[in-house]
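Chains A and B, in that order, are what the protein sequence lines are.
Note that my numbering has the first sequence beginning at 1, numbered continuously upward.
Note that my numbering has the second sequence beginning at 1001, numbered continuously upward.
To be clear, the hints were calculated from the coordinates, so they are not data collected in a lab.
Mixed in with the good hints, there may be bad ones.
Claimed, not checked - Take a look, some chain B residues computed to stay more than 12 angstroms from chain A by CB distance:
(1) 1037
(2) 1130
(3) 1132
(4) 1186
(5) 1252
(6) 1267
(7) 1283
(8) 1286
(9) 1309
(10) 1314
Said to hold, decoys possible - Which bits of chain B does chain A cover? Going by a derived footprint, with three or more residues having C-beta under 8 angstroms, they are:
(11) 1010-1019
(12) 1044-1056
(13) 1238-1246
Using N, Cα and C, we set each Cβ at its ideal position, and we do this for glycine too.
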Amino acid sequence: MNLDALIQNQKLIICCGSGGVGKTTTAAALAVKACQMGKKVVVLTIDPAKRLANSLGLKNLENEEKEIDLGEISKGSANPSGKLFALMLDTKRTFDKIIGRYAPDEEAKNAILNNKLYQHLSSMIAGSQEYMAMEKVYELYQKDRYDLLILDTPPTQHALDFLEAPQKMMQAVTDSMLKWFLKPSLFVGRTSLKFLERGTRGILKVFDRVTGFEFLQDLSAMLISTAGLLEGFKERAEEVSALLKNPKTVFLLITSPQALVISEALYFHQKILENKLPFGGFIVNRVHTDRGLTKDLPQIKKNISKLDLSDSQKKSLLQVLNSCETLVQQDEAQLESLKRKVKNPHQLILVPYLDTDVHDLGGLAELGRYL
Amino acid sequence: MTLNEILSRKLLIVSGKGGVGKTSVAAAFGLVASGLGKKTLIVEINAAERISNLFGISEIGYCETELAKNLFAINLDPRSAFEEYVLEQIYSKKIYHLIFENKFVRSFLDATPGLNELLEIGKIWSITDREKDSPGKQKYDLVIMDAPATGHGLAFLNVPKVVAQAIRVGPLKTKAVEILKLIQDPVKTLLIGVTLAEEMPVNETLEMLHTAKESIQVGLGPVFANAIFPSVFSEEEWKEVQGSLEKLEKEESYVSLKQALGSYQKKVQLQNFYLNKLKLGLGDQALLELPYLFQPSFDRNAIEELAEKIMENESI
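All chains, full assembly: derive it from the sequences and hints.
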């Protein structure tokens, strides 16, 4: 995998992986690198924790893209014309915007925006983030203001939701049976008697028992008011789905050399292949590489024993060195198992463990050298 | 807070950024509690199950499985939780399959945001609420929830509140209110944060604890700083040792020696910096360190080692 080529040729890079592997940092480092290559790039995170702002050394990020000043770093750029933007998804605002776009008229729009269930569901609840992220990515893609979009996704389990979000949405809104099923509830608001006489009475009765009649009322009110939007949603979901499969899109799997994390990455890899999505490769972060320690250790131990240090200091030195060796061995064993399963070694990029924490632009540029 | 006080709760929610070792800490706590004679259940909510892997057994899924004496685990999936919930209301598997396994209803349910989270946390609530043992369903002294990574973990805990506010009456409302009561009762529930001594995990942990306290109003327990490298040398000692090592400068192996020691010491310095930052941010809240385990593989022995470390702290 050649990341320079990906940055050069792709329009959308999606960084996926388990939590804690450095996805956000990698996404941000790729963005800085792309910027240094002269690209106009925007990096977007859908993670509700404020990671991206954090790794860009900023306090806050907003729902609209904001330009990041590379300052000193741009001096080292191959092409100083690059620009870097970042944004963090605000689920509720994105949702409201979609409603505004697809609602047939002002009245319908307000009916939805003022619906109690909608207000609660659209903001805080997990799950709608994935839908909205796809929407935002698509919106940015459509605007065509950027050479490259880089997307940072939430941890694996939710990243799967993210992959499946367009299909799920499509299924829910296209099934004509679903519309049939929802139709009787049209009467809920008006006369509940009529509704009870409908053929779907049994189903709704069960739903009522399970969820509560009031809930059902609110839900159907929300669904009725969103019904007019269905066609728009459906169309959009299809477009988003197509964007994910576009040859100008590429999925990168970010991982680190730990057994559990690697097995999750492989699971996700499988999902990407099953969904026929364009896969770029694995980026393995924070690898403790063997820089000669294993080979030199016997000699080093001998040398230390000759030094003018207390026994406890010598013991401590050996403890530290053994720990360092263990770190290297732990990572090597994990990488071996990953390589065996991936088969194609070109799909792996290793990023060494860095002595310093990456949490500002300088750190990101430094990290970018390994990508 | 003493260890006993913590373990006297009904529900411990273990939460933190991804990759900080939540599952390991949850499992270690499980071993500690069960070792003290408490019947304990670890609840995992994960598509890629971890807990069975740690204990070296085959996948457990939606089934309360015994891991050790007094220690059980289950991996929740929303679909099974939904089936169970509906069956409790309508008592008929036939009707359930007819209606809810229907492709159209299924896709509708899949697309309803928040439903899965409510079902999962509802299941946890119903487990902690059990009055007595029944076949395959124990009455537990303690339930330990291995929560999803922070951002989503908090959204997850927020679902009952949102549902309780959004719905006026009905079984769903009643249930959401009951769940909320459990989460917000500090005598029954505590949130345990897990973090690494690194920039982003520390920031996120502090942010999470703030939201948990202010917006979800859950009681806060201790915070664990996980995978801490032992500070082998003090700053002074390190200088002394470095001076002495210079005598080996001409040796061929000097480069790798210096590189390894230097990177270890740098890691420790950085770690201490973030531990301090964490301590400052936590104020009165207790902070506990768990060591990084320099072992070839992370398995049940490692979990037992962590459990022992937790046991060493009588007062947390």
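To see whether the hints hold, each was checked on the structure:
| no. | hint | result |
| --- | --- | --- |
| 1 | 1037 | holds, 30 angstroms |
| 2 | 1130 | holds, 21 angstroms |
| 3 | 1132 | holds, 25 angstroms |
| 4 | 1186 | holds, 22 angstroms |
| 5 | 1252 | violated, 7 angstroms |
| 6 | 1267 | violated, 7 angstroms |
| 7 | 1283 | holds, 21 angstroms |
| 8 | 1286 | holds, 23 angstroms |
| 9 | 1309 | holds, 17 angstroms |
| 10 | 1314 | holds, 27 angstroms |
| 11 | 1010-1019 | holds (count 3) |
| 12 | 1044-1056 | holds (count 5) |
| 13 | 1238-1246 | holds (count 4) |
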